[in-house]
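There are 2 protein chains.
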Amino acid sequence: MRVGIIGAGSIGLLFAAYISRVSEVTIYTRTVEQAAEINKFGILLKISEKEDTLSLIKALPIKEWKGDEELTIIAVKQYQLPVIVEMVNKLALVPKNILFLQNGMGHLKLLETIPFTNIFVGSVEHGALKENPSTVAHNGEAATKVAVFRGDPAILLEFIHSAPPEFPLVFKENYFSMLISKLVVNAVINPLTATLQVENGELIKNPFYFQVLKNLFSEICSILHLDNPNAHLQQIIGICKNTSTNRSSMLKDLEASRMTEVDAILGFILDEAKNKGITAPLVENLYYLIKGKEIIKGEYA
Amino acid sequence: MRVGIIGAGSIGLLFAAYISRVSEVTIYTRTVEQAAEINKFGILLKISEKEDTLSLIKALPIKEWKGDEELTIIAVKQYQLPVIVEMVNKLALVPKNILFLQNGMGHLKLLETIPFTNIFVGSVEHGALKENPSTVAHNGEAATKVAVFRGDPAILLEFIHSAPPEFPLVFKENYFSMLISKLVVNAVINPLTATLQVENGELIKNPFYFQVLKNLFSEICSILHLDNPNAHLQQIIGICKNTSTNRSSMLKDLEASRMTEVDAILGFILDEAKNKGITAPLVENLYYLIKGKEIIKGEYA
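In order, the protein sequences belong to chains U and D.
If you're matching positions, the first sequence starts at 4 in my numbering and goes up one per residue.
If you're matching positions, the second sequence starts at 4 in my numbering and goes up one per residue.
Same shape as in the complex, but just chain U:
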């Protein structure tokens, strides 16, 4: 299968490195320089306590994307999605099968408006860090959950079955519950760790922070009308335990003066609250705190 990967951040590089073991991959980069670097050096995949592996992968700047691969994986941040969709609308050939890997649920509205036939969504649970334009560290080995948003799952199922066993893809029947489960985890762990500048585990070790976590979770529960809230809470607690010394992606984004995904995560929940006429004081405040930190980080970057 020929696979196109749009975006060469940590997730794009990680997918390219693994998927190229079983499929013909082209990775599309934002800059000409990064494409040149990947073509020259390949993508170096680093996994702790395993040997580094190098994959030679074809890279092109995004403007050369023609959409002619059998499956296109969109691995850009949610806030970069509008630009990508605009590009798609100008393609001569509309890609038939497309898999979106964005966090949050802010992108679902956008997906409803685009002309692709078969649209899939995924939830990436791996930990990955882009160390330089052609090097990615795979820190937390996990799985990628995928589901059909619209259309025929045939290519998605083929993709799942062909995936290398060390990089599993898991099919989920219900895209909504798959994404919402990740959303709730991200909405609690990311903004709190980013505001407090602490590692994930601190949120459950510190009894006062844990109280804040529970209050926030409870507000999010009532906004999203979650079934079985306790299962979600236990999932959050489990992730804080299992990744206790990790810094969340939102914290890392702020530390590196990058934009965060707060709009896709808390912004989506705020919109839900507004639509349902529910007040969301904690979510709203956290949203503003993170937006405020984005500005400050930008100022001093």
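What the hints contain is simulated information worked out from the structure, not anything from laboratory work.
Owing to the predicted nature of the structure, the values given are computational and were not obtained by experimental measurement.
Please note: incorrect hints may appear among the correct ones.
Calculated lysine-lysine pairs in the BS3-like style (CA-CA distance at most 27 Å, straight line) [unchecked claim]: (1) D:Lys-294 with U:Lys-217; (2) D:Lys-185 with D:Lys-66; (3) U:Lys-244 with D:Lys-294.
Have a look at the derived ranges for each label pair, beta carbon to beta carbon [unchecked claim]: (4) D:Lys-69 with U:Thr-282: 52 to 62 Å; (5) D:Ile-50 with U:Ile-298: 32 to 42 Å; (6) D:Lys-279 with U:Ser-221: 15 to 25 Å; (7) D:Val-35 with U:Pro-210: 27 to 37 Å; (8) D:Lys-49 with U:Ala-39: 54 to 64 Å; (9) D:Gln-200 with U:Thr-282: 23 to 33 Å; (10) D:Lys-133 with U:Val-35: 36 to 46 Å; (11) D:Pro-156 with U:Ile-298: 45 to 55 Å; (12) D:Asn-177 with U:Ile-298: 37 to 47 Å; (13) D:Lys-69 with U:Ser-221: 33 to 43 Å.
Beta carbons are placed, not taken as given, at the ideal position from N, Cα and C, and that holds for glycine.
Chain U is already provided as a structure; the job is to place chain D on it using the hints.
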């Protein structure tokens, strides 16, 4: 007038340095060592762009306090107050005139239970920093507001009139509105700057932080049933402007791994909310965030 000052932190040292210019002051310290140091070196008062001045002041460890001064000023933190009140109850002589300078309003309940005849309360607006056991920097020159909590104001009025002009004391008719005004300022500026680790001015310069400030203020307003909320908000904005490069006392406390006054400030407002059956999600969350930071700072201190 003979004046006793209980507590030799930044405010105790500041008052001792100025009041000793017009009255006979004894300062009572928590440790024997600090008393010895003050007796040996005097109190050094540093004011930016003015010459440092040295005042020779009698210092005694608190256990030697007999309560025989005409006015006793209590300049300890609110959370140290129960220990002081216990000591007072063991004194042979009950001090007749006592002035409490604590932040917040958490101490008012305690004042109702003690046997002093004339009780005064004050609200200190000076900026002061204790640089070492016998040195205090006076960073923000301002005034001290004082009012009668119970009893005869005679000694307080005498104290006001004798105060040195460079260290003014202002009489207020209504102790409640005087303290609540300071409480609201402290409840907004202190926890937000301490959580975000920013200088005071950032709260109004950053539009997202300013939104958080307004949301928090609005929640506090409805809990405290403030008259003329806009005047309070303008006061907060004015203070953020005038002290824009200052770090708030709560931020400094956390940075120095000290306990904060969060119980006296947000704790009091939370109790008010509980008594009135009002939910206080933002105040509650900020309260826990600060308590959580106190633990972490303590751990790593």
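Report task. Hint by hint, work out which the structure violates, then give me just those numbers in ascending order. Result -> Violated: hints 2, 10, 13.
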